[in-house]
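Colleague: Taken in sequence, the protein lines are chains W and P. Under UniProt numbering, the first residue of the first sequence is numbered 1, with each subsequent residue one higher. Under UniProt numbering, the first residue of the second sequence is numbered 1, with each subsequent residue one higher.
Just so you know, the hints here were simulated from the structure itself, not pulled from any lab data. Since the structure is predicted, the reported quantities are computational estimates derived from the model, not experimental observations. We treat Cβ as the ideally placed atom computed from N, Cα and C, and that holds for glycine. Errors might be hidden in some of the hints.
Unchecked claim - If you want the footprint, here are the derived chain P segments under chain W, 3+ residues with CB under 8 Å: (1) 88 to 102; (2) 193 to 200; (3) 242 to 253; (4) 262 to 276.
Unchecked claim - Short derived list, chain W residues pointing at chain P, Cβ under 8 Å: (5) Ala2; (6) Leu5; (7) Leu13; (8) Ile15; (9) Ser23; (10) Leu31; (11) Gly45; (12) Cys61; (13) Pro62; (14) Asp92; (15) Leu103; (16) Lys195; (17) Gly262; (18) Ala299; (19) His300; (20) Thr303.
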Amino acid sequence: MANKLISQMGLPLPIANVFAARSIITAKDALSLPESDLMALLDLGRDQVLSAIARISEITCPPYQTVLSLMEDRRSSGCHGGRLRTLLKGLDEALGGGIPPGLLTELVGPSGIGKTQFCLKLSLIAALPTCYGGLNGRVIYIDTESKFSSRRIIEIGENSFPQIFQTEGMAQEMAGRIVVLRPASLSEFTQSLEKIKLSLIQREVNLLIIDSMAGLISVNPRENESCTRGSRQQPLGWTLSFLKSVAEFSRIPIVVTNQVRGQSTEAFHYPFEGLGGDDNVTSERLESHLVAALGIQWAHAVTIRLVLEAHSGQRYIKVAKSPFSPPLAFPFIVDSSGIVPLSDDGIELTGQEISTIRFQVQQI
Amino acid sequence: MMEISSLPISASHRSKLLSAGYTTLSSLSAVSPLQLSRDLNVALQEAVDILKVSSESCRVEVQDGDVEFCKGAQTAWDMLSEEQALRHISTGSGDLDSIFGGGIHCKEVTEIGGVPGIGKTQLGIQLAINVQIPYDFGGLGGKAIYIDTEGSFMAERAYQIAEASIWDTFDNFGCQPKEIPEKLKPESFLANIFYFRICSYTEQIALINYLEQFLVEHKDVKIVIIDSVTFHFRQDFDDLAIRTRVLGGMSLKLMNLAKKFSLSVVLMNQVTTKFTEGSFHLTLALGDSWSHSCTNRVILYWNGNDRHAYLDKSPYLRPASVHFSVTGKGIRDATSQCKRVRMM
Chain W
1 MANKLISQMG LPLPIANVFA ARSIITAKDA LSLPESDLMA LLDLGRDQVL SAIARISEIT
61 CPPYQTVLSL MEDRRSSGCH GGRLRTLLKG LDEALGGGIP PGLLTELVGP SGIGKTQFCL
121 KLSLIAALPT CYGGLNGRVI YIDTESKFSS RRIIEIGENS FPQIFQTEGM AQEMAGRIVV
181 LRPASLSEFT QSLEKIKLSL IQREVNLLII DSMAGLISVN PRENESCTRG SRQQPLGWTL
241 SFLKSVAEFS RIPIVVTNQV RGQSTEAFHY PFEGLGGDDN VTSERLESHL VAALGIQWAH
301 AVTIRLVLEA HSGQRYIKVA KSPFSPPLAF PFIVDSSGIV PLSDDGIELT GQEISTIRFQ
361 VQQI
Chain P
1 MMEISSLPIS ASHRSKLLSA GYTTLSSLSA VSPLQLSRDL NVALQEAVDI LKVSSESCRV
61 EVQDGDVEFC KGAQTAWDML SEEQALRHIS TGSGDLDSIF GGGIHCKEVT EIGGVPGIGK
121 TQLGIQLAIN VQIPYDFGGL GGKAIYIDTE GSFMAERAYQ IAEASIWDTF DNFGCQPKEI
181 PEKLKPESFL ANIFYFRICS YTEQIALINY LEQFLVEHKD VKIVIIDSVT FHFRQDFDDL
241 AIRTRVLGGM SLKLMNLAKK FSLSVVLMNQ VTTKFTEGSF HLTLALGDSW SHSCTNRVIL
301 YWNGNDRHAY LDKSPYLRPA SVHFSVTGKG IRDATSQCKR VRMM
């Protein structure tokens with residue numbers, strides 16, 4: 001709605017002409033200037049500019065919904081845009097039935113922990129007929145690190161859903177529903193996003209997976225944070241806005257993976273927290289010095305963050321950020337049928353434990 | 001003495017005034033519209049407009065009585081009694097209320113910041129529900145506007161919080177569940193939250209411009225929550241100097257709305273890292289000039305395993321820090337954490 005044309009907003013003709021003459025064409029052009037700048041640019045009096053802005057704002061502003069009607073809408077569209085089950089029973093319960101549609105869900109973890117395995121399994125589940133707990137639809141899998149393995153996906157399928165995959169032709173049909181894109185660069189990635197946007201919004205696709213986001217945008221986070229508006233920040237910001245709006249309009253789940261990086265100094269603190277409790281900080285550092293890549297701006301934007309980590313000889317998947325779930329961790333293993341839960345009872349987490357990412361090298 | 005250059009008029013009028021020798025406001029005070037239009041060589045109506053603007057900018061009317069010698073002003077005593085008459089919006093946690101000075105204040109802009117997952121959205125939803133607690137039960141009985149820029153609002157979660165808030169309120173007043181009147185069902189609470197989903201900063205500016213008109217039509221709105229004010233401005237605004245000024249204009253409008261409609265404005269902000277005095281610190285986003293634009297600023301942060309809130313800025317309360325928790329029922333005091341209810 002930001003690109004609505006001012007010429008079509010029913011402003012008085014002379015005023016509309018002044019806007020056009022100064023090439024202020026869209027609502028975005030007009031509203032991203034301070035009012036005094038606009039007055040100087042258009043050479044109009046204050047009352048005229050204010051009433052024009054009021055009119056433009058009224059038209060550009062999206063309509064409201066009460067939360068009640070919002071909830072009823074979501075309930076009635078329940079069949080489509082249903083939650084994507086992960087088939088990890090405890091995790092599904094914690095998430096209220098699975099990965100919710102219309103939101104960004106992030107998987108963070110060190111390399112080799114099983115992020116791609118989880119993505120492969122999710123794409124398979126989304127392709128399955130609904131009677132087997134799937135979404136019976138197509139999947140777009142954006143594979144930026146060339147980790148997608150079609151052989152592995154058939155293997156997972158055969159081991160997890162033998163009844164389907166032993167049926168003649170079903171393996172072909174299921175695998176045929178998973179469309180893999182392999183953009184080589186960020187610009188190619190944005191192009192392919194633009195291309196699939198239409199089919200996403202027309203609901204021809206039931207799941208979008210991006211594995212991995214960090215692979216595309218490898219930024220030096222330190223530099224990135226200190227000059228927030230650096231040129232490298234832009235593509236990430238654009239992608240974020242784009243993915244969020246696509247998720248919302250198409251009401252499909254979007255799953256994005258993120259890498260971890262070592263944290264070079266101790267955890268950031270607010271100035272007012274002071275330097276007290278230093279011992280605490282150092283002991284913490286020894287145990288965990290991994291943080292999610294892509295920085296804090298990205299972390300703000302994802303609605304659900306699932307962390308995959310390993311400690312005390314065990315791999316865990318935990319709900320680190322979610323507006324409707326308690327923080328719980330579930331142990332799992334990776335075997336021939338993909339990710340397998342060891343227990344459906346979550347381990348309750350408290351405090352910093354929720355967001356830290358631990359990784360100890362294991363013999364597997 | 002006020003200068004012509006500070007008048008809110010168009011650039012060409014300003015230059016015409018200056019070249020015709022009108023440099024101060026007082027030089028305009030004695031001139032007739034006709035004379036001005038001849039001097040400036042503009043239409044009569046334009047001259048009238050200029051004079052109207054100039055008289056508005058220098059109006060200091062002396063009226064009868066000594067209380068109101070200046071239009072729109074209030075004495076400190078009046079403000080105090082008005083302030084005491086206002087009720088505050090409870091956050092659901094008594095401790096958290098105390099650092100806000102008894103709850104979120106009406107007529108003020110409050111900024112709440114914190115790292116991802118600390119509970120900003122939860123607090124926002126909680127406030128949108130709690131503002132609706134009826135007047136007889138110690139609330140404001142108002143409605144809420146929720147402006148969602150990030151898409152993180154959960155209607156189902158709002159339902160849970162509404163349910164818990166209604167139960168707790170009645171519990172505190174010793175009522176039986178069956179005495180709960182029909183209009184105090186969670187459904188009617190949800191119907192009183194006006195939800196705007198904003199997808200770009202243009203829409204955000206447009207909505208805030210339009211909000212005044214909306215509030216005239218919906219006078220019972222007592223809280224406006226923007227979650228978050230940061231998101232779109234951080235993504236795609238190229239010119240930083242203009243961004244600062246646009247944000248400044250926006251916060252000014254919000255402050256005026258808060259005063260005019262006697263409602264509370266709550267802005268959620270994200271955090272960023274900042275390099276000062278040789279080390280990196282967490283700080284709220286949008287820069288230093290933005291930090292001037294809110295009356296109160298509270299930062300939610302992790303302290304070990306606990307959620308804490310720190311009062312960073314307030315015109316009358318001392319900096320303080322309290323412990324709170326996010327439970328299945330919403331925001332509560334930290335002591336109730338042991339009996340955390342598993343959600344859904």
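Colleague: If a hint holds in the structure, say so; if it doesn't, say that too.
Modeller: Consistency of the hints with the structure:
Counting residues of the region 88 to 102 of chain P whose C-beta sits closer than 8 Å to any C-beta of chain W gives 0, which falls short of three, so the coverage hint is violated. Under a criterion of three residues with beta carbons nearer than 8 Å to beta carbons of chain W, the stated coverage of the region 193 to 200 of chain P is upheld, 8 such residues being counted. Under a criterion of three residues with beta carbons nearer than 8 Å to beta carbons of chain W, the stated coverage of the region 242 to 253 of chain P is upheld, 5 such residues being counted. Evaluation of the coverage hint for the region 262 to 276 of chain P: fulfilled, as 7 residues show C-beta separations to chain W shorter than 8 Å, against a requirement of three.
Annotation: interface hint on Ala2(W) holds; nearest CB of chain P at approximately 3 Å, less than 8 Å. At its closest, the beta carbon of Leu5(W) sits 13 Å from a beta carbon of chain P; the interface hint therefore is violated under the 8 Å criterion. Nearest Cβ of chain P to the Cβ of Leu13(W): about 17 Å, over the 8 Å cut. The hint is violated. Annotation: interface hint on Ile15(W) violated; nearest CB of chain P at approximately 12 Å, more than 8 Å.
Interface hint status for Ser23(W): violated, as the beta-carbon distance to the closest one in chain P is roughly 16 Å, over 8 Å. Annotation: Leu31(W) was flagged as interfacial toward chain P, and the flag holds, the nearest CB pair being 4 Å apart, inside 8 Å. The beta carbon of Gly45(W) is positioned within 8 Å of a beta carbon in chain P (closest approach about 5 Å), and the interface hint is therefore held. Interface hint at Cys61(W): satisfied, since its Cβ lies 4 Å from the closest Cβ of chain P, which is below the 8 Å cut-off.
At a threshold of 8 Å, the smallest CB-CB gap from Pro62(W) to chain P is about 6 Å, leaving the interface hint in force. For Asp92(W), the interface hint is violated, the least distance from its beta-carbon to any beta-carbon of chain P being 10 Å, above 8 Å. Checking Leu103(W) against chain P by beta carbon gives a least distance of about 7 Å; that is within 8 Å, so the hint holds. The beta carbon of Lys195(W) is not positioned within 8 Å of any beta carbon in chain P (closest approach about 20 Å), and the interface hint is therefore violated.
At a threshold of 8 Å, the smallest CB-CB gap from Gly262(W) to chain P is about 15 Å, leaving the interface hint violated. The closest approach between the C-beta of Ala299(W) and any C-beta of chain P is roughly 4 Å, which is under the 8 Å cut-off, so the hint is satisfied. Hint status for His300(W) relative to chain P: holds, with the closest Cβ pair at about 5 Å, below 8 Å. Interface hint at Thr303(W): satisfied, since its Cβ lies 5 Å from the closest Cβ of chain P, which is below the 8 Å cut-off.
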